[in-house]
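Peer 1: Starting from the known structure of chain S, fit chain W onto it as the hints suggest.
Sequence lines, in order, name chains S and W. Its first residue numbered 1, the first sequence is counted upward by one per residue in the numbering used here. Its first residue numbered 1, the second sequence is counted upward by one per residue in the numbering used here.
Keep in mind that the hints were calculated from the coordinates and are not lab data. Possibly wrong hints are sitting among the right ones.
[As the list claims (entries may be wrong)] Now the in silico label distances, taken between C-beta atoms and shown as ranges:
1. S/Gln21 with W/Asn141: 19 to 27 Å
2. S/Asn305 with W/Val194: 47 to 55 Å
3. W/Ser179 with S/Ile297: 56 to 64 Å
4. W/Lys76 with S/Ser382: 47 to 55 Å
[Stated by the list, open to error] Here are some chain S residues the structure puts well away from chain W; computed CB gaps all over 10 Å:
5. Leu55
6. Thr58
7. Gln73
8. Ala319
9. Leu321
10. Phe345
11. Tyr355
As the structure is a prediction and not an experimental result, all values here were calculated from the model. C-beta: ideal position from N, C-alpha, C; glycine also.
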Amino acid sequence: MINWKVILSISKTHLLSRIKQSSIAALGVTFGIGTFIILVSFMTGLNGLLDGLILNRTPHVHIYNEIKPSERQPLDLYDKWENSFKLVHSVKPKLTQAKIHNALPLIQELRKNPDVKGAIPQLKSQIFYISGSIELGGNLVGIDVLEEVRLFNFGDYVVKGSPEALNNYENGILIGSGVAEKMSLDIGNTVQISTVRGDLFPLKIVGIYQSGLADIDNIQSFASLKTVQKILGEPKNYFTDINVKLFDIEKAVPMARNIENQFNLTAVDIKTANAQFETGTSIRNLITYAVSITLLIVAGFGIYNILNMMIYEKMNDIAILKATGFSGKDVQYIFISQAILIGLFGGILGLVVGYSISSVIDTLPFETEALPTIKTYPVNYSVWYYVIGISFAMISTFLAGYLPSRKARKIDPVEIIRGQ
Amino acid sequence: MGNNTILEARNINKYFREPVLFHVLKDINFSIKHGEFVSIMGKSGCGKSTLLYILSTMDTDYEGELFLNGELVSGKHHEELAKIRNSNIGFVFQFHYLLSEFTVLENVMLPAKKLGLKSFEEIEYDAMEKLKLLDIQEQANKLASRISGGQKQRVAIARALINDPAIIMGDEPTGNLDSHNAQNVMNIFKNLSVERNLSLLVVTHDHDFAEKTDRIIEMGDGTIISQ
Chain S
1 MINWKVILSI SKTHLLSRIK QSSIAALGVT FGIGTFIILV SFMTGLNGLL
51 DGLILNRTPH VHIYNEIKPS ERQPLDLYDK WENSFKLVHS VKPKLTQAKI
101 HNALPLIQEL RKNPDVKGAI PQLKSQIFYI SGSIELGGNL VGIDVLEEVR
151 LFNFGDYVVK GSPEALNNYE NGILIGSGVA EKMSLDIGNT VQISTVRGDL
201 FPLKIVGIYQ SGLADIDNIQ SFASLKTVQK ILGEPKNYFT DINVKLFDIE
251 KAVPMARNIE NQFNLTAVDI KTANAQFETG TSIRNLITYA VSITLLIVAG
301 FGIYNILNMM IYEKMNDIAI LKATGFSGKD VQYIFISQAI LIGLFGGILG
351 LVVGYSISSV IDTLPFETEA LPTIKTYPVN YSVWYYVIGI SFAMISTFLA
401 GYLPSRKARK IDPVEIIRGQ
Chain W
1 MGNNTILEAR NINKYFREPV LFHVLKDINF SIKHGEFVSI MGKSGCGKST
51 LLYILSTMDT DYEGELFLNG ELVSGKHHEE LAKIRNSNIG FVFQFHYLLS
101 EFTVLENVML PAKKLGLKSF EEIEYDAMEK LKLLDIQEQA NKLASRISGG
151 QKQRVAIARA LINDPAIIMG DEPTGNLDSH NAQNVMNIFK NLSVERNLSL
201 LVVTHDHDFA EKTDRIIEMG DGTIISQ
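So that you can see chain S by itself, here it is in the shape it has in the complex (with noise of 0.2 Å):
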């Protein structure tokens, strides 16, 4: 039976009457941890952030027909030449429609898998923006713009004007910010576009969109899919990709292997087409982990100083306490409660003050034409953070705490009172 009520009291009268020792461990506890939840919100906030500008847009799994010569060759067909060595000069693509076939079932189908947070056609199709006599090439694409802005955050990215207006207007165009730049256009002005097959139509300007990414903005706007089909004089049921959005990222793979060997498509998942990216996320939050967990270890060994020396110091208190009926667990138990106070009260005071600082930075102004929605810098406020960084303190105080304390326990009573 302990009686912590007891053990606590006295870990408290000796915490308070060395008040200077005791704050200056519990502050080096409060460095490493505040810096643990500066560095960790801060990091993961850039790293959602740079994560969002390109997966966030992107689709899961990306479906479309490539363009690419047939594996089989008439040549291979004829059997008399079976195992001879074939060689097959100026190989050209095979002639297929750009548009996926049969596309609305097949999305009805992807809808009804329970993996799938959304299925959404595109139409893209070559385009100029013609501007007196100049022509700029530039890609016209087609969307429904409400489940882009549900599933891809496409809102975020339109500068001026709304997605919403695509649908309010029948020949609403969202045009690119770097085509707008150079075309000195802006919201309500009109703009020529003409198809590839030389057809001319005026789209009214209803938004300005801008991803970041100067190659994109420089060549591509938005249309609904009719309009878009009707430019292209293309039926209803002319789409020439579908992006997949998954509930869960990780079973992008498999999924786009199904599609591909099913409906005889190109299926891209994400993993593929945006590998670095993870690999970057993985490094920085390595580095996070590993300048925290060294600045803990740091005043881990601080406290494990401070304790030692306090043991030495109170090494007649301690031979009073087990003469007078204190076991050495209860001896242990008061220096390791102290051990643990220290790392509860800078870690709390930590945790308080990352917090204060993570909001100072959330507020100071980034501002960058790369990122048009972002204002300040990105921090991230997961719970999850404060969680580990209060565990990450305990655990480090309890370890330095535990080797002083249980010298403490060993301690002979007899050997201190005779050596008086």
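Peer 2: Same frame as chain S, now just chain W:
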């Protein structure tokens, strides 16, 4: 061994192994009756303090049997011995041995808090009673490091009394005090013995002190010469 016996030692032998093997206590046999005031005398190095530490259960490295209140305590685990010390034995040392960062009152209360049988208020009341008994109640809220040596020793006695132990042991309790304070402590012990019928066992150099006790155990070279 009747119910009347508080403490009994049977064939206690003790060796020091460092730096060379040395037979400190040789076949010690004696007992203390309830309410007896016993002193142990002897020259420095005769092993009287060593014997006291064994009797106090703090030193467990010995051969032989030790009975406290008729119960064999030899061979028990450290944790159990700590409990026995807490409830049955009160200690007074040569050096005052108070926890210097705690107040006088807290020092007296600590063993009772550890025992945990009474509420905080009861313990506080008891502690004040003990301090009054020793006439130092006005120092109760001072830090233990802020009172004089004689006062400290009286606080230590109050602390020894707090759990109403079966026996009080003293290791030269007057050895570090001037004659006035030594006389004072002696009178306190005598009163406790006479008025409260407490058992006391005190190791001392002081002949005047020993003479006032009920019985003197004289030791020499690790054996009991007379008792």
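Peer 1: Give a verdict on every hint.
Peer 2: Each hint tested on the structure:
1. S/Gln21 with W/Asn141: 19 to 27 Å: 25 Å Cβ-Cβ, so the 19 to 27 Å window holds.
2. S/Asn305 with W/Val194: 47 to 55 Å: Given range 47 to 55 Å: holds, Cβ gap about 53 Å.
3. W/Ser179 with S/Ile297: 56 to 64 Å: holds (58 Å)
4. W/Lys76 with S/Ser382: 47 to 55 Å: Check passed, 53 Å falls within 47 to 55 Å.
5. Leu55: holds (58 Å)
6. Thr58: holds (64 Å)
7. Gln73: Nearest chain W Cβ is 87 Å from glutamine 73 of chain S, so the label holds.
8. Ala319: violated (7 Å)
9. Leu321: The assertion about leucine 321 of chain S is violated, with a minimum of 8 Å to chain W.
10. Phe345: About 19 Å separates phenylalanine 345 of chain S from the closest Cβ of chain W, which puts it past 10 Å; holds.
11. Tyr355: Nearest chain W Cβ is 34 Å from tyrosine 355 of chain S, so the label holds.
The structure does not agree with the numbered hints 8, 9 stated previously, though it agrees with the rest.
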